[in-house]
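**Q** Sequence:
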Amino acid sequence: MIRRRLTGTSFLSSVSTKLFILTFLSVVVVFVVIAFFGYQRLFAPIRQNNEKQLQSSVVQIENYIKTVMNSLQSQLIFLANPVLYDNMDEDGFSQLIDNIMTFHQDQLQSIYLIENGKVRISSPYGYQFYIAPEIITEIMAQTSKTGFWWSQPHAVSQRSVITVSKQVDSKRLIVLDLNLDALTGPQIIQGEQQRIYLFTSQGDYLSTNTYLAYPNSYKDHLEMKDALQALARKSGTSYNNVHTSFGDYTVLSSNQNRWDWVVFSVIEQSQAFPLLAPLKRQSILVLLTAIILAIIVSVWIANYIHKPVTVITRQFKAAARGELEARIKLRRNDEFTFIADGFNRMMGNIQSLFDDLRASEEKKRHHELKVLQSQIHPHFLNNTLNAIYCLGEAGYSGQMGEMLRSLMGLLQYSTDKVGDIVTVEDELLQLENYVQLMNLRYGDVFEMDIAIPENFYSTPIPKLTIITLVENSIFYGLSKKGVNHIIVSGKWSETDCVALEVSDTGPGIDQAKLAVMMAETETLNPHKGLNNLGLRNVHERLRMTFGLAYGLQFHNEPEEGLSITIHLPSEEVWKNQICQGGMSHVKAADGR
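Just so we're aligned: 18 in the working numbering is position 18 of the sequence shown, and the numbers increase by one with no gaps anywhere.
Hints may contain errors.
[As the list claims (entries may be wrong)] Calculated lysine-lysine pairs in the BS3-like style (CA-CA distance at most 25 Å, straight line):
#, residue 1, residue 2
1, K317, K329
2, K513, K481
3, K513, K491
4, K317, K307
5, K66, K118
6, K166, K66
[Unchecked claim] Have a look at the derived ranges for each label pair, beta carbon to beta carbon:
#, residue 1, residue 2, range
7, R258, D86, 53 to 59 Å
8, G398, I421, 33 to 39 Å
9, R405, E559, 34 to 40 Å
10, L514, R331, 42 to 48 Å
11, E572, L514, 43 to 49 Å
12, R258, V33, 51 to 57 Å
13, I339, N576, 18 to 24 Å
14, S245, W300, 47 to 53 Å
If you're looking for bench data, these hints aren't it; they were derived computationally from the structure.
None of the values given here were measured: they were computed from a predicted structure.
Each residue gets a CB set at the ideal place from its N, CA and C atoms; glycine is no exception.
Construct the complete structure from the given sequences, taking the supplied hints into account.
**A** Rendered as structure tokens:
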């Protein structure tokens with residue numbers, strides 16, 4: 001369960017990932033809150049200031065209209081003075097109105113004098129021929145009521161004009177046609193961004209300062225005129241937002257004039273509040289800076305935690321796999337160093353305990369093998385000595401001496417320096433002594449052939465390995481009639497290690513019985529041989545000495561004999577293991 005928990009950690013469950021997300025969101029939220037409140041604190045006064053400036057432009061237009069109207073009204077009163085007519089001839093009066101027309105050419109469409117129902121003098125001169133009689137009749141009728149008259153806006157020569165008339169006497173009256181385009185001309189508002197529209201309270205369009213020479217400007221003007229016409233009829237609030245196909249606009253309106261006209265000041269929203277646009281850009285810049293700073297801080301903090309956690313986790317996993325050499329190396333001075341030191345001490349203690357346990361087990365195992373190897377079975381000695389005694393009684397003193405020499409050499413080899421690694425050549429020399437003694441004891445019940453090439457003679461092998469396997473073949477071959485042919489041979493295996501084979505023509509061993517023999521640490525052989533080493537002891541001894549890749553391999557066929565292959569390292573491999581400390585095979589055997 002622990003291992004699955006370590007290796008099954010998902011990305012989102014990582015401590016460093018959670019810390020990164022938490023830090024990132026915290027920094028971003030803090031900056032967003034600061035930017036939001038800062039924006040709100042700055043937005044209100046900036047907007048109020050800009051609204052005042054925009055409102056002042058509308059007031060400026062209203063004042064300009066009043067100024068123009070008062071000026072024209074003064075000119076009209078001046079021209080309507082009867083004394084002026086009594087002291088001036090027709091040419092002089094005509095020159096006077098031409099001068100006034102020239103001076104007010106942007107505001108005035110025309111000036112003319114009506115006398116006895118006809119236009120007598122006009123400026124420009126030809127204007128008098130275009131005035132319809134019914135218009136003259138209406139002007140005279142309206143002016144005669146109060147002596148002074150302002151007409152409603154009407155079109156003259158495709159221009160919106162207002163007719164203003166003043167009675168001079170019962171026969172004469174002076175008339176001015178005011179050009180309404182002059183009331184919204186460029187001299188009023190400097191700059192192209194602010195557009196002026198003039199409407200009546202009924203929503204009738206009067207004039208604008210919008211430059212209409214371009215197609216897009218004209219299309220935008222038509223959409224804007226329709227939208228403002230609706231606003232003029234509704235008499236809405238001073239501030240409105242208008243959207244056309246060409247942009248979004250802020251519209252200010254005012255109708256504080258004697259004619260109840262509605263003046264609209266139109267400006268793009270980005271230009272209406274110029275300080276808000278950079279404020280928004282700065283807010284976005286602050287937000288981006290916050291995000292970048294949050295990423296940098298979050299990555300730094302996450303890495304500060306992630307690196308030691310990764311190192312600690314990796315070494316914990318290594319320890320879980322049984323790598324007792326795992327250690328945590330950190331160059332820092334915080335709680336992680338305390339954890340690393342604790343882990344390193346724990347692993348050091350575990351490794352020390354394991355090494356002590358392994359050494360103890362190895363000593364115990366070697367001691368057991370030493371005891372087994374040094375226990376020469378008394379029955380073997382008794383039978384062998386009895387056979388030698390019989391040779392002496394029969395007068396075979398020469399053969400008796402050879403037998404005693406073989407026995408002494410075998411006993412010395414078996415008991416001296418127990419556990420030493422010998423060469424195959426040494427083992428084969430003592431095997432000949434053992435076979436000679438067994439022939440003396442059992443007679444010609446077996447034959448022995450040795451077919452190991454000389455290039456295998458220097459191969460290392462634990463003492464008594466081949467002798468024990470040959471002894472096993474001799475004893476299990478006694479149950480079969482006839483001669484048991486035992487062959488000891490050698491070859492290279494497929495894995496480039498030395499393979500020595502001990503085969504016989506005996507009855508073989510049943511698989512179940514062979515399994516029992518490999519499970520028991522002591523031999524179950526009813527015959528009393530040289531010692532009590534069993535097949536399992538030989539197999540474990542090989543693995544403990546050379547590693548898991550070596551040991552015994554059985555090939556058994558009932559009634560056809562048993563073949564046991566001994567897998568050994570070559571002389572070069574064994575020397576390399578010794579040079580490397582001689583412990584690699586032990587680590588392999590321990591499963592580390």
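**Q** Against this structure, judge whether each hint is valid.
**A** To see whether the hints hold, each was checked on the structure:
The suggested pairing of K317 with K329 holds, with an alpha-carbon distance near 15 Å, which does not exceed 25 Å. A C-alpha spacing of about 21 Å is found between K513 and K481, which places the hinted pair at or below 25 Å, so the restraint holds. The hinted pair formed by K513 and K491 fails the criterion: a straight-line CA distance of about 28 Å is larger than 25 Å. Proposed proximity of K317 and K307 is supported: the alpha carbons are some 15 Å apart, at most 25 Å.
A threshold of 25 Å between alpha carbons decides the hint, and for K66 with K118 the separation of about 31 Å lies outside it, so the pair is violated. Distance restraint check for K166 and K66: the Cα-Cα separation of roughly 18 Å lies within the 25 Å cut-off, and the hinted pair is therefore satisfied. Between R258 and D86 the beta carbon distance is about 32 Å. The supplied range of 53 to 59 Å is therefore violated. At roughly 36 Å, the beta carbons of G398 and I421 sit within the given window of 33 to 39 Å.
At roughly 38 Å, the beta carbons of R405 and E559 sit within the given window of 34 to 40 Å. Between L514 and R331 the CB atoms are about 58 Å apart, so this pair departs from the stated range of 42 to 48 Å. The hinted range of 43 to 49 Å is not satisfied by E572 and L514, whose Cβ atoms lie roughly 33 Å apart. Against the hinted window of 51 to 57 Å, the Cβ-Cβ separation of R258 and V33 comes to about 52 Å, which satisfies the hint.
Our hint of 18 to 24 Å for I339 and N576 is violated, since their Cβ atoms are close to 39 Å apart. In this structure the hint that S245 and W300 lie 47 to 53 Å apart at CB holds, the actual value being about 50 Å.
When held up to the earlier numbered hints, the structure conflicts with 3, 5, 7, 10, 11, 13 and fits the remainder.
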